[in-house]
Amino acid sequence: MTHQKSDLPQGTLDLLILKVVTQGPIHGYAIAQRIQQISRDVLQVQQGSLYPALHRLENRGLLTSEWNDTETGRQAKFYHLTAQGQAQLKTETESWKQLAKAVRLILESSEADAL
Amino acid sequence: MSWWRRLVRRGEMEQHLDAELRFHFDGLVAENLRTGMSEPEARRSARLQFGGVEQVKEECRDARGTRWLDTTVQDLRFAIRSFRKSPGFTITMLATLALGIGANVSIFSVVNTILLKPLKAPAADRIVQVMDTFQGNPSRTPGLPEFEVWRQQTQIFENVSAYRLDLVNLTGSSNPELLPVARVSSRFFQLFGVPILQGRAFSEEEDRPGGARVVLLSYEFWERRFGKNPQMIGKALTLGQDSYTIIGILSRGIDTEQFGQLPDAWVPFQIDPDTPEHGSFCFVAARLKDGVTPARAISQLEPVAEAYRQKFPGYYTRKFGFTVQPLRDAMVSDVRLSLLVLAGAVIFVLMIACSNATNLLLVRAEGRRREIAIRAAIGGGPRRIIRQLLTESLLLSLAGGALGLGIGFFGIRSLLKFYPSAPLVAALNPINLPRVGQAGSALAVDWRIVIFTFLLSLLTGILFGILPALQASQVNLNAPLKEGTGRSGIGPHQNKIRALLVVSEMTLAVLMCVGAVLLIRTYVLLRSVNPGFDAHNILTMEMSLTATRFEKTAEMDRLVRDAVERIGALPGVEAVSSACCLPLETVWQLPFVIVGRPLNGLSHGMAGWTFISPQYFAAFRVPVLRGRAFTERDNQQAPRVVIINQVMAHLLSPQGDPLQEQLIIGRGMRPEYEKDSARQIIGVVGDIRDQSLNRNPRPAMYVPIAQLPDEINIVNLRLLPVAWFIRTRVEPHSLSASIQKQLRQASGDLPLASIRSMDDIESRSLARQSFSMLLMTIFASSALLLAAIGIYGLLAYSVQQRTQEIGIRLALGAEPGSVRNMILLQGMRLALAGVGIGIAAGFGLTRLLASFLFGVQPRDPLVFIAVPILLTGVALLACYLPARRATRINPLEALRWE
Numbered sequence: 000m001t002h003q004k005s006d007l008p009q010g011t012l013d014l015l016i017l018k019v020v021t022q023g024p025i026h027g028y029a030i031a032q033r034i035q036q037i038s039r040d041v042l043q044v045q046q047g048s049l050y051p052a053l054h055r056l057e058n059r060g061l062l063t064s065e066w067n068d069t070e071t072g073r074q075a076k077f078y079h080l081t082a083q084g085q086a087q088l089k090t091e092t093e094s095w096k097q098l099a100k101a102v103r104l105i106l107e108s109s110e111a112d113a114l
Numbered sequence: 000m001s002w003w004r005r006l007v008r009r010g011e012m013e014q015h016l017d018a019e020l021r022f023h024f025d026g027l028v029a030e031n032l033r034t035g036m037s038e039p040e041a042r043r044s045a046r047l048q049f050g051g052v053e054q055v056k057e058e059c060r061d062a063r064g065t066r067w068l069d070t071t072v073q074d075l076r077f078a079i080r081s082f083r084k085s086p087g088f089t090i091t092m093l094a095t096l097a098l099g100i101g102a103n104v105s106i107f108s109v110v111n112t113i114l115l116k117p118l119k120a121p122a123a124d125r126i127v128q129v130m131d132t133f134q135g136n137p138s139r140t141p142g143l144p145e146f147e148v149w150r151q152q153t154q155i156f157e158n159v160s161a162y163r164l165d166l167v168n169l170t171g172s173s174n175p176e177l178l179p180v181a182r183v184s185s186r187f188f189q190l191f192g193v194p195i196l197q198g199r200a201f202s203e204e205e206d207r208p209g210g211a212r213v214v215l216l217s218y219e220f221w222e223r224r225f226g227k228n229p230q231m232i233g234k235a236l237t238l239g240q241d242s243y244t245i246i247g248i249l250s251r252g253i254d255t256e257q258f259g260q261l262p263d264a265w266v267p268f269q270i271d272p273d274t275p276e277h278g279s280f281c282f283v284a285a286r287l288k289d290g291v292t293p294a295r296a297i298s299q300l301e302p303v304a305e306a307y308r309q310k311f312p313g314y315y316t317r318k319f320g321f322t323v324q325p326l327r328d329a330m331v332s333d334v335r336l337s338l339l340v341l342a343g344a345v346i347f348v349l350m351i352a353c354s355n356a357t358n359l360l361l362v363r364a365e366g367r368r369r370e371i372a373i374r375a376a377i378g379g380g381p382r383r384i385i386r387q388l389l390t391e392s393l394l395l396s397l398a399g400g401a402l403g404l405g406i407g408f409f410g411i412r413s414l415l416k417f418y419p420s421a422p423l424v425a426a427l428n429p430i431n432l433p434r435v436g437q438a439g440s441a442l443a444v445d446w447r448i449v450i451f452t453f454l455l456s457l458l459t460g461i462l463f464g465i466l467p468a469l470q471a472s473q474v475n476l477n478a479p480l481k482e483g484t485g486r487s488g489i490g491p492h493q494n495k496i497r498a499l500l501v502v503s504e505m506t507l508a509v510l511m512c513v514g515a516v517l518l519i520r521t522y523v524l525l526r527s528v529n530p531g532f533d534a535h536n537i538l539t540m541e542m543s544l545t546a547t548r549f550e551k552t553a554e555m556d557r558l559v560r561d562a563v564e565r566i567g568a569l570p571g572v573e574a575v576s577s578a579c580c581l582p583l584e585t586v587w588q589l590p591f592v593i594v595g596r597p598l599n600g601l602s603h604g605m606a607g608w609t610f611i612s613p614q615y616f617a618a619f620r621v622p623v624l625r626g627r628a629f630t631e632r633d634n635q636q637a638p639r640v641v642i643i644n645q646v647m648a649h650l651l652s653p654q655g656d657p658l659q660e661q662l663i664i665g666r667g668m669r670p671e672y673e674k675d676s677a678r679q680i681i682g683v684v685g686d687i688r689d690q691s692l693n694r695n696p697r698p699a700m701y702v703p704i705a706q707l708p709d710e711i712n713i714v715n716l717r718l719l720p721v722a723w724f725i726r727t728r729v730e731p732h733s734l735s736a737s738i739q740k741q742l743r744q745a746s747g748d749l750p751l752a753s754i755r756s757m758d759d760i761e762s763r764s765l766a767r768q769s770f771s772m773l774l775m776t777i778f779a780s781s782a783l784l785l786a787a788i789g790i791y792g793l794l795a796y797s798v799q800q801r802t803q804e805i806g807i808r809l810a811l812g813a814e815p816g817s818v819r820n821m822i823l824l825q826g827m828r829l830a831l832a833g834v835g836i837g838i839a840a841g842f843g844l845t846r847l848l849a850s851f852l853f854g855v856q857p858r859d860p861l862v863f864i865a866v867p868i869l870l871t872g873v874a875l876l877a878c879y880l881p882a883r884r885a886t887r888i889n890p891l892e893a894l895r896w897e
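Chains as they are written, first to last, in numbering that gives the first Met the number 0: chain A, 0 to 114; chain Y, 0 to 897.
Excised from the complex, chain Y in its bound form (with noise of 0.2 Å):
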């Protein structure tokens, strides 16, 4: 019979059991009364011969080896029994364990889903991220030229592959919209073992330059416009100008979460191997060779780099170099860090909680010790003892286990709800949390975070009840059976234990809350900090124009003019500007040049480069502070000019005048830029935020959309759809819906997409420090409320240990102030040991969370005056309560309980 067929059909095993004996038993009697005995002389002769029926009971059971399971049922059936008897006990200690291991689930599913889990390819581990590096820095952008020079490493790589996300007008139907369509080389698909649903992937021939037009459709695509129509193979598809033939249907659910949003439809990148645009990016994965470990890889690219260098004499130095990184760890780099931080802090949480459920056992403990006197009278030995305590501690451990793994999942889950969602173009966006999807949808409950909840509830349950287990094992069996009631006062020795629990309960929660108090500061000026613009009122968004007639910069500028005409006709428009993308969102950087200085080597510098419209800097109320604003008149013909911010104004001449100098933009980039002449800087504008809001301006450059040379125009059209910005008097979105008719008629019917206020835009950007700073919030307070669980636990207990020598107190005649006083001062001791210990933690401790942290400083006093302060409040409340209780016994009665 199987243990396990054994352990449920206990019953009938003892059934038969029983029946055993009982044949033997009735067989020795009638033997007996065969010798001529009477029968109840038979019977106690038989009785005699067989010895204890229930000890050789007892030796059965042991013999069949299910003993230990049987002795586990029957102390769960106790445990289960004697927590029904305590509801009160229950709850608390079950609350408390299931916030505990709650927060640490919370964080565990986001650090499983973005850092443990494998990539979805075949040999996901081999697969890494090719990288150039300036002065050491990996950029996970490099051009295509270097993609190339990788491709041909194949004593390194098996599979090299490069992949951009464009945004491209679907057209050529009554509904156009604006599709996220993914570039990529042909042997992509085979890298990250894409399954083809229908159709085939793309060959060699189609990823050469000028090669066939095709397209593969994503499957949510596919369902999405055309209803899972089974005959779409063959058919054409228009992408801006130009129609595509659709060759394959791609399988459900593919993971290029790595490399940002789900494209709708896929291109092959026909990538030209003698292209000499080092400005045009494109991500690149490869796998490595089996047997070719990330860092040979990096020291065999090594000559590669230096080859490549020295093919292109003049515009790398030797600062420039290759590198790999496994891609997981290179999607997940930027927020390893927070994660990381994040888990600490929940681990502190637990630990509190973990003190908490140890100092609940040990009262309880004294509430049982005529019960545990009993069980060692009778035979109990220690270990035994231990083992019932132990399962009981493990009992409720695994049953807040379960309940926080609900609460920690689905907590987790809601907030990711609120994350902002990605942006159009959100690969190069360090905003996104990588690889948990659409508000967290990555997220699922899988084996590893079964596993992990059910270890950590495990060592929870034993690292809380081994105390107080070993404690109670060691029991005097006279005193406690010698006392009526059980109602002896605490020893000494227990009182320290859980004196220390308290403090260090105080300490952790001092730590949480200074992590939580810093980070909301943070939030706090990150939010009140000046970005140099007024981004109140301002709608915005975005077009792609892309391989439409607007990439030539004359149909462009006459676009915008129309527009801008349209759209600053309707009431209640302010001002109205296209530019080439949003600010908090894309930046791009550009090499300068000043014309007339001695140049040691490219250029002089980089600067942020941004193409506008006129009414730019009075769309987003930017002081123009020398010079002008760029007019209509700043056309084509006009000569070339720009505008400059006051950082790069100071670093161009820091006492001249800037409005001196020209400036050679983009030289050495690609050829595109080598079209454009100098510029005259004709006005200096303040200083804006466009990064992020918590870095220093950078120096910027502005120039006007009509003087772009069409290559250029081109180039950046293809990176990023433009953006439209309109200020207005009103609530900016209540004049969506006819912006959007005015930028449709004069567009001849372009699709719109990303229809944001630049507040949204403004506020999105911080999404990360928001995310964070919530999540530690939630568990600082988590941790404060317990640690004042703690204190109020352990003072309301010891006022009822106390009860009567408080009652003789005041029977003597002590004030009920001074008894208030005294309880409050026992319970004040700790707190403010454990704040104290918490704040000297704290001053060495917060130097990790420095990277998160902005305009406030680790040690900030502030934080370090409040946190002390809002803490010894708490405290000061969960000691008042029971000391007030104190305050309130009655003489008489307390006397009389015994």
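Okay, chain A solo, but in the shape it has when bound (with noise of 0.2 Å):
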């Protein structure tokens, strides 16, 4: 069986959907879109990894879900955070900027360029 690559960087994924939920409960359909529109469409979320990482969320108590009637009045299984979940978008966040941050510096030094 061989892994489904994403676009984007391993781990990325989860951090991604847990911000998107945070804005209150929504199905899998809408945190794709969400995902595409607020990045301009530069980050293109695989429907196929979606799903697999909403039910894992789900799994480790991060995510709770219930199903409901959509605007359209079809049901769908709409995902809200949970207080574990917020507590864990906000460890991951922090340890993100820190990343982002240090890449950035190393990027961005004469050092580097001088290597």
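It cannot be assumed that every hint is accurate.
Stated by the list, open to error - Over the 12 Å line for every Cβ pair with chain A, so calculated as not near, a few chain Y residues: (1) 25; (2) 51; (3) 202; (4) 324; (5) 340; (6) 739; (7) 745; (8) 797; (9) 802; (10) 823; (11) 854; (12) 894.
To be verified - With a straight-line cut-off of 35 Å between C-alpha atoms, the simulated DSBU-like cross-links for lysine-lysine are: (13) 740(Y) to 227(Y); (14) 234(Y) to 674(Y); (15) 416(Y) to 310(Y); (16) 551(Y) to 96(A); (17) 56(Y) to 89(A).
Derived from the structure by calculation, the hints contain no laboratory data.
Beta carbons: idealized from backbone N, C-alpha and C, even for Gly.
Combine both chains into one complex, guided by the hints.
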């Protein structure tokens, strides 16, 4: 079985999902749309990895879900964040910022150019 | 959602997953339609965008974390389907495993009850039995002065309690009966945490000599005799001649099994702290103080024993001491070894069952090579295949274990039903199985048995399943798929494994059979041993004279004479006698002194001591070899006399005339015996095995009842009921009613108990031997059966595999006889190898059985010749059936078979 490659760096999909879900109950299709919109179509979410990620997060207790009607009247599975998910989002955001800062420092430093 | 709900509501979960993904897919389609695609185009594009739906679903299931369960459920379903398709295999497998595991469950449930279950008592692990030791051998029945000394050792013990079971007549009503009455010191109920249902326990004052006559009733007796009348407290109960006040009723089901049967009533022991009664016994149990180990208690008791020896100079030598042993161990010490031997035997049975199961699985794996190859070809890795095959094995072993639990537990319960019930005074009797209760009623399926069975089943399943699973997982993808029917010959490697399994099965079966036959020989020899008396046509019954007017020797003598005369007048009665005790159940031992011989210490030795009435030797048909038997004239007024047995006669004067000697009996045992004067030896009788059939006769002394000093009579009547023996010319039980009537008339309506024939007593004395023999025989037969099935299975399969080859041989003109011999040889080579190894191993291992054998050596040549012949015969039969089938192969059909 080959692993489905994501265009996103490893682990970032979970972070993005948690971030998107903070804005209230939302179903999987909308999560994919939202990520694409906000990133101005830079980030393409592979549908194939979205759902396993959602189920994994739910299983870890970071998300919960319930079945509700959409505005079109269809039943859909809406996810929302748990307290545990909230905390997880906070720590992961922190560490992502740290990482991004460190990477940028390296990329912009003159020492690195000298290498 | 809990994992349990996820597992149970798998269907719902799947539906939700499907709906969720479909919603997403429809969203994609709708958007595509909005961008102006046609419907089919929109769907196609969405499908491309989404990717493989099944793959996503699979990953979602993985993410849910119930994957291992899903897989297991899937494997189990598949296993059950495939077992259903091969009922022959499944039934053989389950029967084999149920037999193997059941044998272990049966022994474990006995081991559990006897050796493992804690005593019912608070801080039970600190309860010990306190004992005397003579030359390092513990004696469970110390004298009362020792109890007093131990009771003072408060730095070692926090509660020291004495117990003894007496048999006393419940009188004072129209329906007298013989009651087992326990005498206990006041803190006994505390020691064992016995709850009191009504009333109260004894006070310290009531336990002092001359204290109030009070009694506690057991629940069972209160229910049986008084119909649970709630107003019994304060009422009187007449035991013997004395009236006791009922002060309490104990709760149901208290556990005094450690001391023998459950008493009906409990009275205070009232031991005199200054008692000089060295010969009066009790059992002593104590709770060690917190932090005191048995080892420390033993070393702390050393100076106590030293002081005790000095307090009674001359009574005790340096070889006398005190010891403690955890009570549970003390209770079961004499059955532990036989249980361990049986436990070893059932492990052998399980090992044979495992070998058989492995063999069956290997055969089955042959038939499944194609299936396994297909699994591997479509992506099942070796681990996945091993897992699935092990799931199948575990399913089989757990089902077999559940069956085994039923078979084993109910099997042993029904075998124990045949175990003879305890005699009246059971505490001194080594025949009973301790702690199992009446007919094994104390055996229960508890968590220990369930966990044992479960773990054993798991272990068994892995043990027999792992090898076939490993082998099946190493599939060559090509070969099995190319073959049409998957009917390839078995590889030589596999053949070797299977042959090895069959050889080891035979080896174990030989060992089991050797053990069983040795025990059978022992039992047969014991049954045929000459006890020195004729047990046929003797009826025995027991009567308690405790606290009656018959405690006076003259009264008892009158009773015996009267009864002998009355019963002797009944038609069909040949001889009537009374005695202190029943041969094969109790024999008192007393020290003796030979008058006029230099004495170093207190006595010249110990000898059996039985008081009897004149017709005793006639009733038992014991020959009088020299001198004479007792007559009516050997009474209170006549000179004191004693009769000895041959062993004792030889001991006294190997060459000289024992009839010239005089004996002083019982000196130093307790003050009462000092009253007995020297006795002239007037006769020598034949030796009888009165202790047990497997023990050589020991020196024995017999004295007439009429000549007992009153004090000795009282002591002995309190220890044991008197026994009556009636030799009849007809079936003894047929005279029982009329004999009882005469005895009741002679005794003024004293109750009779324990009416048995001497034959019963004799066979009962072998209860343990016959029980282990029976179990061992059952297990050995199972082992033999399993081993035979093993050989048969191997050959039958081999013949099937070689159908084509044999067909060719026959077509080319091979004689059916030579084909048959070829197959026979193949099987018998293995069988004989197993028998050979088994016999060699047996030569080493039967030593372990030595202490259970009687009259037969552990390496008894007869056994070591008979067992190989028996097993070879069985193996020959098991090989013959497939060999005969081989000769009936039709060459034409065999060649066309592909």
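Index of numbered hints that the structure contradicts, given in increasing order:
Result: hints 1, 2, 14, 15 and 16 break, sorted rising.
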